[in-house]
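> Sequence:
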Amino acid sequence: MHTGGKLGIGFQEAGGGRTGCLIFAALGGQYFKWPEHCYSAVISLYFWSEFMALITSLADLSVLLVEPSYMQAGLVSRMLQHQGVTQIKLLETGAEALAALAEVGNDNLVVISSLYLPDMLGTELVTVMREDTALEVVPFILVSSETRPQV
1 MHTGGKLGIG FQEAGGGRTG CLIFAALGGQ YFKWPEHCYS AVISLYFWSE
51 FMALITSLAD LSVLLVEPSY MQAGLVSRML QHQGVTQIKL LETGAEALAA
101 LAEVGNDNLV VISSLYLPDM LGTELVTVMR EDTALEVVPF ILVSSETRPQ
151 V
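Using the numbering used here, the letters of the sequence shown correspond one by one to residues 1 to 151.
Check each hint, because a few of them may be wrong.
As the list claims (entries may be wrong) - Label-pair restraints from in silico Cβ distances:
#1 G74 <-> T147: 15 to 25 Å
#2 N108 <-> D132: 12 to 22 Å
#3 E131 <-> G105: 26 to 36 Å
Simulated from the structure, these hints should not be mistaken for laboratory data.
Glycine included, every Cβ here is placed at the ideal spot set by N, Cα and C.
Go ahead and model the full structure; you've got the sequences and the hints to work with.
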């Protein structure tokens with residue numbers, strides 16, 4: 001798991017017909033696993049606050065939200081705004097995300113992406129980012145409401 005000085009991401013399979021869970025590795029050897037049981041794409045505010053406190057001041061945070069679903073984008077955007085994030089750019093495709101990443105600096109930036117995008121998977125997006133030395137340190141959050149354990 002590459003942390004690049006900030007955060008890395010890993011995957012853990014969850015049993016019992018639940019989707020795979022995400023594990024975020026933070027500085028100082030702290031690990032946050034969310035959710036314990038993956039039932040929803042909505043991130044708990046407690047977890048979100050703890051996670052984001054490790055990255056930067058929320059007021060200074062820039063978020064690229066890559067989500068083709070208007071409803072899901074609205075939910076995540078409202079959650080971010082509730083936590084004090086004001087710089088949110090909504091994108092629908094992986095190609096749009098990569099173009100936006102080429103234009104912005106990586107300071108205080110987080111990418112939040114849906115698993116399923118119209119042109120690629122969110123896992124493909126993070127793979128492309130990790131292969132680029134300028135983007136490999138950008139924290140990436142993969143969000144999905146997938147419930148099939150084989151995914």
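> What are the numbers of the hints the structure violates, in ascending order?
3
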